[in-house]
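In our numbering, the protein residues as written are 627 to 913.
FYI, nobody ran anything at the bench for these hints, they're computed from the structure.
Note that the Cβ used here is the ideal one computed from N, Cα and C, for glycine as well.
Where hints are given, some of them may not hold.
Claimed, not checked - In the DSS-like style, the derived pairs of lysine-lysine whose C-alpha atoms are separated by at most 25 Å in a straight line are:
hint, residue 1, residue 2
1, Lys797, Lys781
2, Lys763, Lys774
3, Lys763, Lys797
4, Lys797, Lys774
5, Lys796, Lys781
6, Lys763, Lys796
7, Lys774, Lys748
8, Lys763, Lys748
9, Lys781, Lys748
As the list claims (entries may be wrong) - Cβ pair distances, simulated, as ranges:
hint, residue 1, residue 2, range
10, Asn668, Asp823, 10 to 20 Å
11, Gln775, Asp641, 13 to 23 Å
12, Asp901, Ser820, 20 to 30 Å
13, Gly742, Glu664, 38 to 48 Å
14, Ser820, Asn668, 20 to 30 Å
15, Asn728, Arg810, 14 to 24 Å
16, Ala905, Thr634, 18 to 28 Å
17, Pro723, Arg810, 12 to 22 Å
18, Ala844, Thr634, 46 to 56 Å
19, Ser884, Pro723, 16 to 26 Å
20, Asn665, Arg810, 42 to 52 Å
21, Thr898, Gln826, 14 to 24 Å
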Amino acid sequence: MTTNTLTTTLTLGGDLTVNRIGYGAMRITGPAIWGMPENPQNSIDVLRRAVELGVTFIDTADQYGPFTSEQLIADALHPYADDLVIGTKGGLVRFGPWADINNDASPQHLHDALNGSLQRLKLDHIDLYQLHRIDPKVPAEISFGFLKQAQQEGKIRHLGLSEVSIEEIKKAQEFFTVASVHNRYSVYNREWESVLDYCQQQGIVFIPWFPIGGGLDAKKDEIMQGVADAHGVSTHQIALSWLLHRADNILLIPGTSSVKHLEENMAVGNITLTDEDMAALNSIAAE
């Protein structure tokens with residue numbers, strides 16, 4: 627029986643070293659990702675505890691709330707620790723709870739979104755700014771051109787993309803260095819496997835969203851539960867650990883509004899999966 631050796635940090639954009647277990651700040655908003663939470667202090671406590679536990683990368687977006695997540699991050703953590711990297715996103719517009727979201731990657735909207743994020747986060751530049759979605763109404767090269775210009779103006783340090791194909795990444799690379807890709811990916815959902823592999827080849831950080839996936843199949847759940855029981859942890863923790871073991875360019879951003887759940891997420895760095903564990907978990911995609 628052999629084991630996999632895990633790296634605990636990675637380098638984003640060639641010059642920002644971060645803990646591979648970060649924090650996703652979508653859930654600190656109100657119900658259905660809308661408005662302020664009922665107890666803002668709880669969200670502030672979670673953010674501060676995340677940093678205490680070693681989080682050095684926080685992911686957010688202007689449309690979480692909208693605006694609420696960014697405001698709470700600044701309230702909780704500004705002035706920021708020197709090693710804390712905050713990444714945010716623009717290009718989606720939220721008009722109501724959950725599904726009421728629209729694309730807008732026009733230069734005017736991205737201009738307003740970027741400047742709004744800078745103001746709310748109390749920053750003079752964004753370390754990682756990701757295009758939340760390519761807008762089918764706007765030619766991609768127009769959105770990419772704006773982002774390149776904003777980077778040249780010093781408002782953005784590194785640029786990333788979200789929910790993109792390899793072809794779309796290659797198109798963006800004609801305009802700027804792509805530092806990160808933020809696609810849905812988990813032990814249950816491998817739709818973007820080829821994108822992950824391309825990112826690894828290119829030195830691009832891969833940030834999976836919905837990293838827990840969905841346990842809706844009894845046979846797949848049985849596999850997950852078996853590995854979890856062998857390690858004395860939860861299936862959610864195994865799902866996160868699998869991602870850390872899957873590729874060394876994966877940066878986790880599990881989100882929660884609970885300090886207890888946050889502490890459980892951070893503990894996955896202590897799990898060492900064997901080759902046999904990985905083979906069993908990898909088989910889930912083929913089930």
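- [ ] Could you tell me whether the CB distance from Asn728 to Arg810 stays inside 14 to 24 Å?
- [x] holds (19 Å)
Open item on the list: Against the 25 Å threshold, does the CA-CA distance of Lys774 and Lys748 hold or violate the hint?
Closed with: holds (22 Å)
Task: Satisfaction of the hinted span 14 to 24 Å by the C-beta atoms belonging to Thr898 and Gln826 - done: holds (21 Å)
Task: Hint check for Arg810 and Asn665 - Cβ pair distance inside 42 to 52 Å - done: Since Asn665 and Arg810 have Cβ atoms about 29 Å apart, the given range 42 to 52 Å is violated.
- [ ] Could you grab the alpha-carbon distance between Lys763 and Lys797 and see if it respects the 25 Å cut-off?
- [x] OK: Lys763 and Lys797 at ~17 Å, within 25 Å.
Task: Outcome of range test on Cβ distance (Ala905, Thr634; 18 to 28 Å) - done: Given about 24 Å between the Cβ atoms, the range holds.
- [ ] Look at the Cβ atoms of Asp901 and Ser820 and judge whether their distance stays inside 20 to 30 Å.
- [x] About 23 Å separates the Cβ atoms of Asp901 and Ser820, which means 20 to 30 Å holds.
TODO: Return holds or violated for the Cβ distance of Ser884 and Pro723 against the range 16 to 26 Å.
DONE: holds (20 Å)
- [ ] Please test the hint of 13 to 23 Å on the beta carbon pair from Gln775 and Asp641.
- [x] holds (21 Å)
- [ ] Could you tell me whether the CB distance from Asn668 to Asp823 stays inside 10 to 20 Å?
- [x] violated (39 Å)
Task: Satisfaction of hint between Lys774 and Lys797, Cα-Cα up to 25 Å - done: holds (13 Å)
Open item on the list: Quick check: does the Cβ-Cβ distance between Gly742 and Glu664 fall within 38 to 48 Å?
Closed with: violated (24 Å)
Of the numbered hints stated above, those contradicted by the structure are hints 8, 10, 13, 14, 18, 20, listed in ascending order.
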